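**Q** Can you build the whole structure from these sequences, using the hints too?
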Amino acid sequence: MRRIVGEDPDFSSLGEEMWRMVKGLYPICRSITGEGLRETLRVIGEHIPLRTRELPTGKRVLDWTIPMEWNVREAFVENSRGERVIDFEDHNLHLLGYSHPLDAKMGLAELKKHLHTLPDHPDWIPYRTSYYDDNWGFCLSQNQLEGLPEDSYHVRIDTTLEEGHLSYGECIFPGEVEDEVLLSCHACHPSMCNDNLSGIALTTALGKLLSEMPSRRFTYHLLFAPATIGAIAWLSENLDRVGRVRHGLVVTCVGDPGHMTYKRSRRGTARIDRAVELILRESGEEYEVMDFSPWGYDERQYCSPGFDMEVGSLTRSSHGRYPEYHTSADDLDLVRPEHLSDSLRKYLAVIDVLENDRKYLNTVARGEPQLGRRGLYRAVGGGTSEERMLSLLWVLNLSDGDYGLMDIAKRSGLPFRVIREAAGELLKTDLLREI
Amino acid sequence: MRRIVGEDPDFSSLGEEMWRMVKGLYPICRSITGEGLRETLRVIGEHIPLRTRELPTGKRVLDWTIPMEWNVREAFVENSRGERVIDFEDHNLHLLGYSHPLDAKMGLAELKKHLHTLPDHPDWIPYRTSYYDDNWGFCLSQNQLEGLPEDSYHVRIDTTLEEGHLSYGECIFPGEVEDEVLLSCHACHPSMCNDNLSGIALTTALGKLLSEMPSRRFTYHLLFAPATIGAIAWLSENLDRVGRVRHGLVVTCVGDPGHMTYKRSRRGTARIDRAVELILRESGEEYEVMDFSPWGYDERQYCSPGFDMEVGSLTRSSHGRYPEYHTSADDLDLVRPEHLSDSLRKYLAVIDVLENDRKYLNTVARGEPQLGRRGLYRAVGGGTSEERMLSLLWVLNLSDGDYGLMDIAKRSGLPFRVIREAAGELLKTDLLREI
Amino acid sequence: MRRIVGEDPDFSSLGEEMWRMVKGLYPICRSITGEGLRETLRVIGEHIPLRTRELPTGKRVLDWTIPMEWNVREAFVENSRGERVIDFEDHNLHLLGYSHPLDAKMGLAELKKHLHTLPDHPDWIPYRTSYYDDNWGFCLSQNQLEGLPEDSYHVRIDTTLEEGHLSYGECIFPGEVEDEVLLSCHACHPSMCNDNLSGIALTTALGKLLSEMPSRRFTYHLLFAPATIGAIAWLSENLDRVGRVRHGLVVTCVGDPGHMTYKRSRRGTARIDRAVELILRESGEEYEVMDFSPWGYDERQYCSPGFDMEVGSLTRSSHGRYPEYHTSADDLDLVRPEHLSDSLRKYLAVIDVLENDRKYLNTVARGEPQLGRRGLYRAVGGGTSEERMLSLLWVLNLSDGDYGLMDIAKRSGLPFRVIREAAGELLKTDLLREI
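Protein chains in written order, with our numbering: chain A, 687 to 1121; chain B, 687 to 1121; chain C, 687 to 1121.
Everything labelled a hint here was simulated from the structure, so no lab data went into it.
Identical copies go unnamed one by one, so any copy, or any two together, can satisfy a pair.
Calculated cross-link-like contacts (lysine to any residue; reagent style SDA-like; alpha-carbon spacing at most 25 Å):
{"no.": "1", "residue 1": "LYS1096", "residue 2": "THR955"}
{"no.": "2", "residue 1": "LYS798", "residue 2": "GLU769"}
{"no.": "3", "residue 1": "LYS745", "residue 2": "ARG1052"}
{"no.": "4", "residue 1": "LYS1114", "residue 2": "ALA1051"}
{"no.": "5", "residue 1": "LYS745", "residue 2": "LEU1057"}
{"no.": "6", "residue 1": "LYS894", "residue 2": "SER969"}
{"no.": "7", "residue 1": "LYS1096", "residue 2": "THR947"}
{"no.": "8", "residue 1": "LYS799", "residue 2": "GLY1058"}
{"no.": "9", "residue 1": "LYS1114", "residue 2": "ARG746"}
{"no.": "10", "residue 1": "LYS745", "residue 2": "TYR1063"}
{"no.": "11", "residue 1": "LYS1096", "residue 2": "GLY982"}
{"no.": "12", "residue 1": "LYS1096", "residue 2": "ARG1007"}
{"no.": "13", "residue 1": "LYS1096", "residue 2": "ARG960"}
{"no.": "14", "residue 1": "LYS745", "residue 2": "LEU1062"}
{"no.": "15", "residue 1": "LYS1096", "residue 2": "GLU963"}
{"no.": "16", "residue 1": "LYS1096", "residue 2": "GLY954"}
{"no.": "17", "residue 1": "LYS791", "residue 2": "ASN757"}
{"no.": "18", "residue 1": "LYS745", "residue 2": "GLY1058"}
{"no.": "19", "residue 1": "LYS1045", "residue 2": "ASP749"}
Source: prediction; values computed, not measured.
**A** What follows is the structure, encoded as structure tokens:
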């Protein structure tokens, strides 16, 4: 059996480490292009060997085109007394993403047409973008908005929208086979912690642990890219190799206090679906499984019908289903080290299943083999069964060439790890062999 | 997308119109043969182009034989004072269907052997027949029976059982394809409104609406025939063309206040089954789905193993499951215009599904197409999704050649109509094409 | 239709008879070899024609080897005053099964290493064995143990472990076909009534009833063998004919007051599984169905992957799931005649299904046949249906070559017996024929 490095790592330290990474990346203003995105990839590259790609503006990627690169120098709204009443310096969510440059004066009524708030959460700033529609705007709290008097406002948006590049980073850990496990997270969101600095930090931590594995069956492919256009760009650049992806997960929203949520692949019964559901069931904790829908994150692209990849998404509170989602309240208080480390533990358990889900053959298929003379049976019979004994019998009974270890775990109700250990023990005898 | 005429018709007027038709047909004494049946077909023919068929007594139809034609001139029981204590003139349910002629005197004891009542509903007259067993009898209320003193009774049944014909009527609206949708209702029941004047009225109304459709994909075949022997006769006469029937519904009991009930075809997962269940689920109202059983109405014939047609039965309170069933209480008070129109609305929605359940192909299958530049995406991103956007994404994601629109509606949880409209919108772009 | 003898036998007498057999066998000290096992087979042979087989020590059977034969002359522990504080004479559970001979003196501490108790049930003696690990020991109640003072104890175990034989008995009732129904019970347990004297008595009673059947479709193969090694020995000796076993049940724990429990075959949807589940569902009583697991009794062997036989286990309280299991409390009070007879009734009903589950063909498949002119339809129509009429219609509707009578019973919800009777009635007409 392949031992997963980090099966019993110091999850507490790893949780702290991931949280510190989230904290470090929090202030940076990211978007689907630009320097903030580049800086984020550079930070990730301090932890794992990241190869960064840059695709030029105007390049066709599948049905899309790489947009202009967007960068912000400053952006604010000033009242007639020269006070900045809304300022990008205070919080980078204040600026509508991809706002075009502007320097203008206007009354409150005109200004309001470009202001976005969340009336239901009057203290929070919403996150809004306008990537593909030429526009400008500011986001602010409802309270802030209500405090704005009639006045002549000076709106200054010093952004650039120029020919440039879209950036993404990837990191590949080769395994015994070319078949890949894709771990994909979007890296384009500005100052929000759960969505998706948590995903960036967890994927990075996974990368470090994977690099420490003495051997890997699968090749692991980590991708940090802008949502939608970034995943589309990566797919477009890798049409000749996306077929290698056997299993995949979109990593996002993994640091909040909610229970685990799994969104199935479009296929619904892919091996990744069964592996994740097995691990969540075994956890004994509350969790939720949702069917695929073409709404959410980059599983939308991986599960488009022309690819139909076996990619699901394992999150805590999922896309759009927690109040802080896409607001300034998705901050360093929402995401906690213990939630990050718990999520990491689940991801590792899933990888354990993927790595070790093999089929074996019981060489003494007719009747039970005599475990006693092989030292595998307790000496005094007549009492009740226990987990280890049962796991040996289950592996023997179902290792007929049809059942893999994941199937055996599911049918027996025993934890995958116990089944894997039983198979490992039996492989040392003459009773089980690889097929 | 094919627009169903009457998708938004004036259901209120249609309900009134159907109810008036029920009222007009109510007094007629129908049976599986005879002048009442002919008169009923004639009335239907005033609304839709009906072709009437007459099959002679003695003709073999499948395992059966067309019986003698039965007609009633008068039938009564007179007491010794010459008072008619039971009279066919008062209610045509009073006479046991297919009673043979009789003119005799007898005491109460002898008479009672031929009287049928409903002790549990002492005011109601039961509906009883004896088509294939030479017999006579009267049906009356339990109260009426208990009021009959010992006396010498004169029983007079002036019926004829003679060589004649069995009549049925059919009406065909050709479509683009020869494949047929069968709408079948039995037309043999005497004065009872829900079973089955409601079915006759609704089928007639459907016929009028179908005739107004600018184009029809399917050919619609409406059948008004006596129960059992009539359906068997029709099948026997159409052995070379019943294979054209792709989908069908037996229309009965559609005017009472109960919730909708669907009885599945023998196959259980036929397209008609899935279409009806989708529409009932979407209605948000209470409903019931029952598995097929070989008991009920003419689905028994259509779903006999040698035909095994994809025919279910969509009713309100179903066969035998409401107290007024097959009694004089199944009258003009039980059936109401609003129930008739609600049933009609469901039937039309089912026809909408059958007409429009097509498969399409997403032409940009790899990755999501960029909806924005085609004017299909809202401009400012970051908020939550809404039904229209979701419906476009679902149609694109599942239009891979395997899924039809009904499957997409089911998997997405969105109403069929919304999915159909999304497909219609996408067909106007380069993103979707027919296959 | 084949009539099961004993379909309406005197179950009350049969219950008493089985209970008397349990009582007679109770005192005998059985093990997986030895004279107690032989004596038990001899007693069974007084009721049904049993052929006994003897396999010599050292013979290889599948992955196992026939062990030494074990017999007990006496075994006790004596205190320093010469009083026997534990004595095999009092209860044969006192001696650890397969204890080797010993004559030794020892203090309480040394003795205790070889004593087994049940602290949770301080009055009960546990059942323990050590077949394949050279050992000795005594089992006693916790109260007894706590009453043992420090002393010098004389331990005497006068057993023999010598070259000998393993015995099993089988009894075959030939049927019209060579295909077999296996009824297997383990016969190796010492003085415990539910596990498994109840199984021995019920299997014997079934054997008597089967012998009285005027004709049998299947060949019935009854096996009385030691658990595990006995079943393995039988399989090993019959490799060329185990393929004949089409259906089978492991008979054990059939006399306690618990509800019926069925443990499915490894396949899970074998005909025996469907037959037993149908009968339990029809019983209207509480019952439980468990999936197969490779723990329990000899279904472990029959359902090992190299055989994968269609064998389940029908019990009352199942293996290890009642407190008295494998203790001295599994005695003549736990097992009662009425539970034995109720279990027998279920087994007979299952055999009824197996014998009569045939497919027939409706010869008038297009439309319903006219039952009336064949005397199968009630004369006056219009009322509601009843079971007999429905059963005729169901058999006709589903007899298309795909459905057998068991399927028809399940789909119709009517009792198998009613469906079988309907088929029998139809077979007398021209409407149904065997295929």
